[in-house]
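Peer 1: Next come the chains, spelled out residue by residue.
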Amino acid sequence: GAVVSQHPSRVICKSGTSVKIECRSLDFQATTMFWYRQFPKQSLMLMATSNEGSKATYEQGVEKDKFLINHASLTLSTLTVTSAHPEDSSFYICSATTLAGVADTQYFGPGTRLTVL
Amino acid sequence: QKEVEQNSGPLSVPEGAIASLNCTYSDRGSQSFFWYRQYSGKSPELIMSIYSNGDKEDGRFTAQLNKASQYVSLLIRDSQPSDSATYLCAVIPRGNTDKLIFGTGTRLQVFP
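From first to last, the protein sequence lines are chains B and F. Position one of the first sequence corresponds to residue 1 (my numbering), numbered consecutively onward. Position one of the second sequence corresponds to residue 1 (my numbering), numbered consecutively onward.
Errors might be hidden in some of the hints.
[Claimed, not checked] Cβ-to-Cβ under 7 angstroms is the rule here; a few derived chain F residues that face chain B: (1) S32; (2) P44; (3) M48; (4) S49; (5) F61; (6) P93; (7) L100; (8) T104.
[Unchecked claim] With a cut-off of at most 20 angstroms between alpha-carbon atoms, the simulated SDA-like pairs for lysine to any residue come out as follows: (9) K2/F / F61/F; (10) K42/F / D88/B; (11) K67/F / K42/F; (12) K2/F / E59/B; (13) K99/F / Q60/B.
If you're looking for bench data, these hints aren't it; they were derived computationally from the structure. Backbone N, C-alpha and C fix where the C-beta goes; we use that ideal spot for every residue, glycine too.
If we strip away everything but chain B, and leave its shape as in the complex, we get (with noise of 0.2 angstroms):
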């Protein structure tokens, strides 16, 4: 139980383009979902917090209008890299909480590795 899914797994694009990034929760509703960015031998680093229906919270320092989150349902969240530059390149991970499990347990997914040319 409590399996989270990226598509696509890994992406590679043009510098100027827009790529978009899905999270499905496949087994539970999930109440909250995240989205994570982790740069090689770093640790992850969140860049906002999406609950359905509603605006995500940003974290400080995460440009709103270039990381646009959209939480469209309890088993959905995308997240759109817009006008993609090389240094937006990293591994992109999402994950979910559960009213199933226990509240504050987050549940990856796979993650998604973008590479900007």
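Dock chain F against the given chain B, drawing on the hints supplied.
Peer 2: Chain F in isolation, oriented as in the chain B frame:
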């Protein structure tokens, strides 16, 4: 001071030994503590959560929490080469319902 601190390692232990991973946190009011394992190029997977002072055991893993000293540790008994990974300590600080603060992780190497 970082909110969650871990020694980056690597911590090298022989197969079959006990690996001890430590983590300290700055917010005394923190209530929820987690250990995640992350293999290279993969996302974190939950090993254990702990909320009360003392020990919590799950198979070969034991989490220990000492709120007075503000540290949480993870012991891995009978370490296996497959345990070689980065272990991330994560804390939910006081006042946050669910936002995890991660340490930088400790890299564990178990050699045959």
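Peer 1: If a hint holds in the structure, say so; if it doesn't, say that too.
Peer 2: Hints versus structure:
1. S32: It holds, given that the least Cβ distance between S32/F and chain B is near 5 angstroms, below 7 angstroms.
2. P44: 5 angstroms, holds
3. M48: Since the shortest Cβ distance to chain B is 10 angstroms, the answer is violated.
4. S49: S49/F check passes; min Cβ-Cβ to chain B is 6 angstroms, inside 7 angstroms.
5. F61: This hint is violated: F61/F lies away from chain B, its Cβ roughly 16 angstroms from the closest one there, beyond 7 angstroms.
6. P93: 11 angstroms, violated
7. L100: 6 angstroms, holds
8. T104: 4 angstroms, holds
9. K2/F / F61/F: 26 angstroms, violated
10. K42/F / D88/B: OK: K42/F and D88/B at ~18 angstroms, within 20 angstroms.
11. K67/F / K42/F: 31 angstroms, violated
12. K2/F / E59/B: Distance ~17 angstroms between K2/F and E59/B Cα, so the pair holds.
13. K99/F / Q60/B: 14 angstroms, holds
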